[in-house]
Amino acid sequence: AAGVIQSPRHLIKEKRETATLKCYPIPRHDTVYWYQQGPGQDPQFLISFYEKMQSDKGSIPDRFSAQQFSDYHSELNMSSLELGDSALYFCASSLSRYSNQPQHFGDGTRLSIL
Amino acid sequence: AQSVAQPEDQVNVAEGNPLTVKCTYSVSGNPYLFWYVQYPNRGLQFLLKYITGDNLVKGSYGFEAEFNKSQTSFHLKKPSALVSDSALYFCAVREGLAGANNLFFGTGTRLTVIP
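As you go down the protein sequences, you meet chains E and G in turn. Be aware that the first sequence starts at 1, since it is given in this note's numbering, and climbs by one per residue. Be aware that the second sequence starts at 1001, since it is given in this note's numbering, and climbs by one per residue.
Read the hints as simulated data drawn from the structure, not as lab findings. For every residue, glycine included, the Cβ atom is placed at its ideal position computed from N, Cα and C. Just so you know, not all the hints are guaranteed correct.
What the hints assert, rightly or not - Below, a list of computed lysine-lysine pairs in the DSBU-like style, where the Cα atoms sit at most 35 Å apart:
#, chain 1, residue 1, chain 2, residue 2
1, G, 1077, E, 57
2, E, 52, G, 1058
3, G, 1058, G, 1069
4, E, 57, G, 1058
5, G, 1022, G, 1069
6, E, 52, G, 1049
7, E, 22, E, 52
8, G, 1022, G, 1077
9, E, 22, E, 57
10, E, 52, E, 13
11, G, 1022, E, 57
12, E, 13, E, 57
13, G, 1049, G, 1069
14, E, 57, E, 15
15, G, 1022, G, 1049
16, E, 22, G, 1049
17, G, 1058, G, 1022
18, E, 22, G, 1069
19, G, 1077, G, 1049
20, G, 1077, G, 1058
21, E, 15, E, 52
22, E, 57, G, 1069
23, E, 22, G, 1058
To be verified - A few chain G residues that face chain E, going by a derived Cβ cut-off under 8 Å, partial list only:
#, residue
24, 1042
25, 1044
26, 1101
Unchecked claim - Derived list of chain E stretches under chain G, where covered just means 3 residues or more per stretch with a C-beta under 8 Å from a C-beta of chain G:
#, stretch
27, 14-24
28, 67-76
I would like the entire structure built from these sequences, with the hints used as guidance.
Right under this line is the structure:
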């Protein structure tokens, strides 16, 4: 079965640089979520989109922005990167914001800031 | 506000023995509860969910969980542990459909099954 695809899998950046992470949801899923998982920590919700509109907002820094496109893929844009941004970034998708169906996660993008 | 507590950072169990990974939650309204498993350098894999109905929920790979409303718990169980079950397990909660749809995760429990 098709899963959530994230790219790239690994990304190395320096402080103050920018990064763009991409997420391709499972086909027919219209809701996308972004989570950040620091080393040894639980995933923290950043932001979600439903039908290309921002749905809910969590602990996403102002330096980050995200959007969902007409084909439902989503991109997380990160600017002025800081050492503390080093983490695993997960994208998840679900059938609908208003569904009780579970979120399905991609394998994540490991972002390392030097 | 929603929250999830996993009181044990680490659970060790011998292969073939039953296992339990504990989870308690706090949420306003009806809870939607989930268990996910994470293997090294991988995303979270969905195991099972409780939305409504029977308190005992069966999921993937022989796992099950029991919802207890009075104790606000949703413990993960398996009758006979396998070495391949060794991984990091996360309990998660969200509000019902009227609330925010993002998941709140516990801090995770690392399960080690000893051969």
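Hints and how they fare:
Of the pairs offered as hints, the one joining residue 1077/G and residue 57/E holds, with about 33 Å between alpha carbons and a cut-off of 35 Å not exceeded. Taking the CA atoms of residue 52/E and residue 1058/G, the gap is near 34 Å; set against the 35 Å cutoff, the hint holds. With a CA separation close to 17 Å, the supplied pair residue 1058/G and residue 1069/G stays within the 35 Å bound. A hinted pair counts as satisfied when its Cα atoms are at most 35 Å apart, and residue 57/E with residue 1058/G qualifies at roughly 32 Å.
Using a Cα cut-off of 35 Å, the hinted pair residue 1022/G and residue 1069/G holds, with the two alpha carbons roughly 14 Å apart. With a C-alpha separation of about 26 Å, the suggested pairing of residue 52/E with residue 1049/G holds against the 35 Å cut-off. Distance check on the hinted pair: residue 22/E and residue 52/E sit about 15 Å apart at the alpha-carbon level, within 35 Å; holds. Taking the CA atoms of residue 1022/G and residue 1077/G, the gap is about 9 Å. The hint holds against a cut of 35 Å.
At roughly 18 Å between alpha-carbon atoms, residue 22/E and residue 57/E fall within 35 Å of each other, so this suggested pair holds. For the hint pairing residue 52/E with residue 13/E, the CA-to-CA distance comes to about 28 Å; that is within 35 Å, so the pair holds. With a CA separation close to 29 Å, the supplied pair residue 1022/G and residue 57/E stays within the 35 Å bound. Annotation: proposed proximity of residue 13/E to residue 57/E holds, straight-line Cα distance about 25 Å (limit 35 Å).
Only pairs whose Cα atoms come within 35 Å are accepted, and residue 1049/G paired with residue 1069/G is accepted, the gap being roughly 15 Å. Our distance criterion of 35 Å between C-alpha atoms is met by residue 57/E and residue 15/E, whose separation comes to about 25 Å. Taking the CA atoms of residue 1022/G and residue 1049/G, the gap is about 15 Å. The hint holds against a cut of 35 Å. Annotation: proposed proximity of residue 22/E to residue 1049/G holds, straight-line Cα distance about 27 Å (limit 35 Å).
About 16 Å separates the Cα atoms of residue 1058/G and residue 1022/G, which keeps this hinted pair within 35 Å; it holds. This hinted pair does not check out: residue 22/E and residue 1069/G have alpha carbons roughly 39 Å apart, beyond 35 Å. Restraint check for residue 1077/G and residue 1049/G: satisfied, since their Cα atoms lie roughly 13 Å apart, inside the 35 Å limit. At roughly 10 Å between alpha-carbon atoms, residue 1077/G and residue 1058/G fall within 35 Å of each other, so this suggested pair holds.
Note on residue 15/E and residue 52/E: the hinted pairing holds, with a Cα-Cα distance of about 30 Å set against a maximum of 35 Å. In summary, the hint linking residue 57/E to residue 1069/G is supported, as the alpha carbons are separated by about 28 Å, within the 35 Å threshold. Only pairs whose Cα atoms come within 35 Å are accepted, and residue 22/E paired with residue 1058/G is accepted, the gap being roughly 33 Å. The interface hint given for residue 1042/G holds, since its Cβ lies 5 Å from the closest Cβ of chain E, which is under the 8 Å cut-off.
With 8 Å as the threshold, the beta carbon of residue 1044/G comes within range of chain E, its nearest partner Cβ sitting at about 4 Å, so the hint holds. Hint on residue 1101/G holds. Least Cβ distance to chain E is approximately 5 Å, under the 8 Å limit. Only residues whose beta carbon comes within less than 8 Å of a beta carbon in chain G count, and the stretch 14-24 of chain E has 0; fewer than three means the coverage is violated. Restraint check on the stretch 67-76 of chain E versus chain G: 0 residues with Cβ-Cβ distances below 8 Å, three needed, restraint violated.
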